[in-house]
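**Student:** Chains A and B, in that order, are what the protein sequence lines are.
Take the first sequence: its letters are residues 1 to 293, numbered as in the numbering used here.
Take the second sequence: its letters are residues 1 to 293, numbered as in the numbering used here.
The set of hints was computed from the structure by calculation and includes no laboratory data.
All of these numbers come straight from a predicted model, not from anything done at the bench.
Treat the hints with care, as some may be off.
Claimed, not checked - Here are the simulated DSBU-like cross-link-like pairs (lysine-lysine), alpha carbons at most 30 Å apart as the crow flies:
id : chain 1 : residue 1 : chain 2 : residue 2
1  : B       : Lys22     : B       : Lys159
2  : B       : Lys159    : A       : Lys22
3  : B       : Lys15     : B       : Lys159
4  : A       : Lys22     : B       : Lys15
5  : A       : Lys159    : B       : Lys15
6  : A       : Lys22     : A       : Lys159
7  : A       : Lys15     : A       : Lys159
2 protein chains.
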Amino acid sequence: MAGRELTSIRSPRVKSARRLAKRTFRHRDRSFLAEGPQAVREALELPGVLSELFTTAEAESRHADLVTAAERAGAPVLRVSGEVMAELAQTVTPQGLLAVCRFVDVGLAEALAPRPRLVTVLAHVRDPGNAGTVLRTADAAGSEAVVFTDASVDPYNGKCVRASAGSLFHVPVVAGPRFGTLIPALRDSGLTVLAADGAGDRTLDSAIDDGLLARPTAWVFGNEAWGLPEEILRDVDEVVRVPIYGRAESLNLATAAAVCLYASARAQRTGCSDRPAPGGPVAGEASTGTERA
Amino acid sequence: MAGRELTSIRSPRVKSARRLAKRTFRHRDRSFLAEGPQAVREALELPGVLSELFTTAEAESRHADLVTAAERAGAPVLRVSGEVMAELAQTVTPQGLLAVCRFVDVGLAEALAPRPRLVTVLAHVRDPGNAGTVLRTADAAGSEAVVFTDASVDPYNGKCVRASAGSLFHVPVVAGPRFGTLIPALRDSGLTVLAADGAGDRTLDSAIDDGLLARPTAWVFGNEAWGLPEEILRDVDEVVRVPIYGRAESLNLATAAAVCLYASARAQRTGCSDRPAPGGPVAGEASTGTERA
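If we strip away everything but chain A, and leave its shape as in the complex, we get:
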């Protein structure tokens, strides 16, 4: 049970949590803020991650299970007024629960040790909402690690945490490696490194057809406005573009990532090039397979 309600934003604990909206303080304390019942539930599943829980009286009764779980985990639960919660939360409609969490990222070596078959790299991704959406999409598509290079946004930025919809807590995230050291490490783990870029020589379809996507793959996604710098495009194994069939100039970052990552997920699972077999299209008729040769 939470004790007396804190009603002042000058209370030392409120002040110290509030500072975590800034990157400098997050990295000094190696802690970040996660808002809302979903994030709190995910954080509680990882031992030692949730270090403090702020709650309004109303949220405390509505989410009694989470409050109890936080207390059992040994985390102080602090009841705050609606005004204090509004100050702490970074959303317009705070959901009455806000956790201070310890950083969850892992080292690159640790993330690569299980020899993942699908890795997502965010290089020069600057918009935290986009980065969080790609993290969520990578999780959905079965990516076993997500790397934010040092030129990308901080994965613990509040908007990124929210857009990840909990995925920050359940995909191994690597924060801050330099791109130059990253590529050799990915290759050493047996990963083919593909960059997604509108300037690619190869279409995604040809990468599927040639069996390229069936291999263990690290996908590199770049900046939402200008893509990937020349030195990265030169360094990767192949530059692949998502085909544009209509008249749109491009896809946005998260949608392009979704198409690429799901194409890999499918290619790796069917273990198949998806190429129409010699003899013509199969078109769902199993019998044509036996008519051939």
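Please arrange chain B on chain A, whose structure you already have, making use of the hints.
**Tutor:** Frame of chain A; chain B shown alone:
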């Protein structure tokens, strides 16, 4: 060349353009606002669409080609002060060009007349940014029409126009039909109607494997928070879910739409079920095809 600079937001023309931020006035005037050089360029490609162009002095010299093209098209060009542009524009950093455009949507019968093979339906999509992103993605994936049902956001909402990144001007958009009348019309045009929903019985992969996606298809996407209502799920031909391989609970609307629409684009183009042919995976080795049987 624009005449005298308008410096007051009380100028009748500025007032009448400004009102178009509201749906009621947009629909009364059958006109909407499109911001920035890209949108203005796209609007100018459609005869009779751009009816008035507001520009700052700076943008007038930077985008002289567009200003000249607007004048040639017979549209009044009005030079406004930076303050007036800031009032007119709905973005924090207005780009100095803002067009009043006539509605570009087409009737359902007109959109279906060319017997499209890929149609996108937004049903109960309420967030204008999401709707615009789906419109852009649908365009990229080669969707030949995009339908906003009456329960979805207005396609002419400023955020939707911006997120569509010009696609509002080059995909036939149908605005406002009721869902009940829509499905029979889609079927009459030879389209199989698929709803994308996390509750689907069928995975996207099985829809590909069975050749379902190679057919002419209308994809129905629902609300970002709660999906599609029961009556729509009952009415469509099949409910298809994008598989979640990791631990994310779901994909967001635009990324799910990207995965579904690109899966259709590929299936329709390869004319193939993508199913590993009997005899085992092909895995990019053309020779295995001939070893079989």
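**Student:** Please go over all the hints and tell whether each is borne out by the structure.
**Tutor:** Tested hints:
1. Lys22(B) x Lys159(B): Holds, at about 12 Å.
2. Lys159(B) x Lys22(A): With Cα atoms ~28 Å apart, lysine 159(B) and lysine 22(A) stay inside 30 Å; holds.
3. Lys15(B) x Lys159(B): Holds, at roughly 20 Å.
4. Lys22(A) x Lys15(B): It is violated: about 40 Å lies between the C-alpha atoms, which goes past 30 Å.
5. Lys159(A) x Lys15(B): Not OK: lysine 159(A) and lysine 15(B) at ~35 Å, beyond 30 Å, violated.
6. Lys22(A) x Lys159(A): Given that 30 Å is the threshold and the Cα spacing comes to 12 Å, the pair holds.
7. Lys15(A) x Lys159(A): Distance of about 20 Å is within 30 Å: holds.
In the structure shown, a violation is registered for the earlier hints numbered 4, 5, in ascending order.
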